[in-house]
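Colleague: Now for the letters of each chain:
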Amino acid sequence: METTILNRKEAMLTANAIRSDILAMLPPGKVGHLGGSSSIADIMSCLYFHHMNINPKNMKDPDRDRILLSKGHSVLAQYAALTELGVIDRNELKTLKTYGSVLQGHPDMERTPGIEAVTGSLGQGLSVGLGLALGLKLEKSKGRVYVICGDGELSEGQVWEAAMAGSVFKADNLTAIIDLNGIQATGTTEETFPIPNIAEKWEAFGWNVIQLDGHDVVAIHKALEEARNFKGKPSVLVARTIKGKGFSFAENKAAFHNGSLTDEQYKIALEDLEKIKNEVEKS
Amino acid sequence: MITASLRKSYGEALVQIGRENKDIVVLEADLGKSTMSCFFEDQFPDRYFQMGIAEQNMASTSAGLALAGKIPFYSTFAVFATGRAYDQIRSSIAIPDLNVNICGSSAGLSDFGDGKTHQSIDDIALMRVLPNMTVLSPVDAEETKKMVKAMAESEGPAYIRINRSDLPVLTADDDKPYQIGQMTSVKKGDDITVFASGIMVHQSLKAAEMLEKEGISVEVVNVSCIKPLDKDAVKQFSAGRKGIVTAEEHSIIGGMGSAITEAMSENPLPLVQIGVQDKYGTSASCYEDLLKAYGLTEDDIVTAVKRLIKK
Ligand SMILES: Cc1ncc(C[n+]2csc(CCOP(=O)(O)OP(=O)(O)O)c2C)c(N)n1
Numbered sequence: 001m002e003t004t005i006l007n008r009k010e011a012m013l014t015a016n017a018i019r020s021d022i023l024a025m026l027p028p029g030k031v032g033h034l035g036g037s038s039s040i041a042d043i044m045s046c047l048y049f050h051h052m053n054i055n056p057k058n059m060k061d062p063d064r065d066r067i068l069l070s071k072g073h074s075v076l077a078q079y080a081a082l083t084e085l086g087v088i089d090r091n092e093l094k095t096l097k098t099y100g101s102v103l104q105g106h107p108d109m110e111r112t113p114g115i116e117a118v119t120g121s122l123g124q125g126l127s128v129g130l131g132l133a134l135g136l137k138l139e140k141s142k143g144r145v146y147v148i149c150g151d152g153e154l155s156e157g158q159v160w161e162a163a164m165a166g167s168v169f170k171a172d173n174l175t176a177i178i179d180l181n182g183i184q185a186t187g188t189t190e191e192t193f194p195i196p197n198i199a200e201k202w203e204a205f206g207w208n209v210i211q212l213d214g215h216d217v218v219a220i221h222k223a224l225e226e227a228r229n230f231k232g233k234p235s236v237l238v239a240r241t242i243k244g245k246g247f248s249f250a251e252n253k254a255a256f257h258n259g260s261l262t263d264e265q266y267k268i269a270l271e272d273l274e275k276i277k278n279e280v281e282k283s
Numbered sequence: 001m002i003t004a005s006l007r008k009s010y011g012e013a014l015v016q017i018g019r020e021n022k023d024i025v026v027l028e029a030d031l032g033k034s035t036m037s038c039f040f041e042d043q044f045p046d047r048y049f050q051m052g053i054a055e056q057n058m059a060s061t062s063a064g065l066a067l068a069g070k071i072p073f074y075s076t077f078a079v080f081a082t083g084r085a086y087d088q089i090r091s092s093i094a095i096p097d098l099n100v101n102i103c104g105s106s107a108g109l110s111d112f113g114d115g116k117t118h119q120s121i122d123d124i125a126l127m128r129v130l131p132n133m134t135v136l137s138p139v140d141a142e143e144t145k146k147m148v149k150a151m152a153e154s155e156g157p158a159y160i161r162i163n164r165s166d167l168p169v170l171t172a173d174d175d176k177p178y179q180i181g182q183m184t185s186v187k188k189g190d191d192i193t194v195f196a197s198g199i200m201v202h203q204s205l206k207a208a209e210m211l212e213k214e215g216i217s218v219e220v221v222n223v224s225c226i227k228p229l230d231k232d233a234v235k236q237f238s239a240g241r242k243g244i245v246t247a248e249e250h251s252i253i254g255g256m257g258s259a260i261t262e263a264m265s266e267n268p269l270p271l272v273q274i275g276v277q278d279k280y281g282t283s284a285s286c287y288e289d290l291l292k293a294y295g296l297t298e299d300d301i302v303t304a305v306k307r308l309i310k311k
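Chains as they are written, first to last, in this note's numbering: chain A, 1 to 283; chain B, 1 to 311.
What the hints contain is simulated information worked out from the structure, not anything from laboratory work.
Just to be clear, a hint being listed does not mean it is correct.
What the hints assert, rightly or not - The calculated SDA-like cross-link candidates involving lysine to any residue, where the alpha carbons are at most 25 Å apart (straight line), are:
1) A:K30 to B:D289
2) B:K33 to A:A255
3) A:K30 to B:D166
4) A:K253 to B:D289
Claimed, not checked - Rough simulated footprint, nothing fancy, chain B against chain A, three-plus residues with beta-carbon under 8 Å:
5) 38-45
6) 75-89
7) 120-130
8) 201-213
Note that the structure is predicted; figures quoted are calculated from it, not measured.
Heads up, the beta-carbon is just placed ideally off N, CA and C, and yes, glycines get one too.
In isolation and in its complexed conformation, chain A is listed as follows (with noise of 0.2 Å):
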């Protein structure tokens, strides 16, 4: 059994950062992903830097680990993640959404360093990140394959239909994360398009489903662990999770799926990343 070992502090710290280099890309008054962002901050610490096989210096290894955002929208969380792994230049994140920008709206595979597929369709990532793992399989390849997707996107069909497939081929090499927010374009899921027993479905799928915090770096260290290990079968981690996590004006607000911050908003917004650092440094 594989095993790796987690600094608690450090992945917390990494969460931060990331939180940070979110914020960095959108500055006042630009309109942009925050809160689907900020809620995989967490989860994207956890594996780019404690659990995938990756080398930044090298992100064309075939053996590689591989993160899909299916979605896409939330693609800041991990250019965030890949400028901590200098993959990505830190002074490209002024540019986010500019002409000619490596760093596009939505994952681009052809623009920028480390992205390893075109998503923001919602829906497909799960797809291609069967057949992806299929392929890594075939190849006789050690690579894992994650996708993350989100709770509202759970009402496109093909997500079923992925999850059916995923188990008919045994993808023990896939692992989805799904980030249960609760909200989505248009308000909570609740109000909008309630998906009720989430966990229960994806076992009927024929998954291996772990149910966690997503804020928990601890759990999610834990669920990443079971989830290599276990055999036969995809896993699925079932994340419960804050939109907007880490920014206190913006948690569990709609209004922040894609909006742009004022000023007073991003100096509180500092302020907070800088008391979540100063408590986990101390901790």
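For this one, chain A is given, so just place chain B with the ligand on it according to the hints.
Modeller: What follows is chain B with the ligand alone, placed relative to chain A:
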């Protein structure tokens, strides 16, 4: 000149026709605050179906509602409204010729920040190729309002593509209904005719004004109904001209320019197509940056007209 939101106009028009006709129903896929179908939800919650992020299901469910005698309008971003549900539109809506009305919001490059997966440069082509489908591209908020009414009243499926940005109001706010098939001249001229749609009508008018100062007379035609295309009007508006320019915020392959070219194939004239040149979109910090980068400005139209004049 007054500018107004076409999206708002779409939402308001739904409320208006919904008030007059109880059979109007509206479906949405988690983007009602952007397409403005949320106005209808506020007024008629019982006739509003929030389908979740599930465009294929939304398209076929609309077909079912039409079979039950309802007049559905469904909306989401243009890319998802058309491409994401293409086979569902084809099989369950267009083949049986049902009165399902599709609204593709944030069409063309107007969703500038989100980039290529969200920018719709092929929706006209996709909808135009389907037998029975009507394809509309309003020039302003007033035309949008009238078109929505016309869509509801006409038999068979229809698609309307709507710009995310506000646009200058060109057409009159009067009681004259929109006739499907209608193509109107918005500026007279006799050297070159520019057939334009959507935002490109506005760019063409600016270009025509610039050219007029240099003694070049340009006619600008608003092709707001791309299908069925009024071939007689195309003939009439191109008679005796030195050349034709088509201008659209869409791929030059399969869009309005292609439709005009097809219509003119029996009586061809030198023709320049302005549009997205077989490329995908990209992110930008504002719409204007993209219009410039993709050759969709008044200057590009001026250059095209001059090229034809020199021939
Ligand atoms: C096929 C498709 N339909 C609609 C959209 C527009 N859209 C982008 S994000 C979003 C809401 C996503 O909600 P969720 O999956 O819960 O993501 P999160 O809350 O984590 O941001 C919608 C409707 C899209 N990108 N793709």
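Colleague: Now look at each hint and say whether the structure bears it out.
Modeller: Evaluated hints:
no.: 1; hint: A:K30 to B:D289; verdict: holds, 16 Å
no.: 2; hint: B:K33 to A:A255; verdict: holds, 11 Å
no.: 3; hint: A:K30 to B:D166; verdict: holds, 19 Å
no.: 4; hint: A:K253 to B:D289; verdict: violated, 31 Å
no.: 5; hint: 38-45; verdict: violated (count 0)
no.: 6; hint: 75-89; verdict: violated (count 0)
no.: 7; hint: 120-130; verdict: holds (count 4)
no.: 8; hint: 201-213; verdict: violated (count 0)
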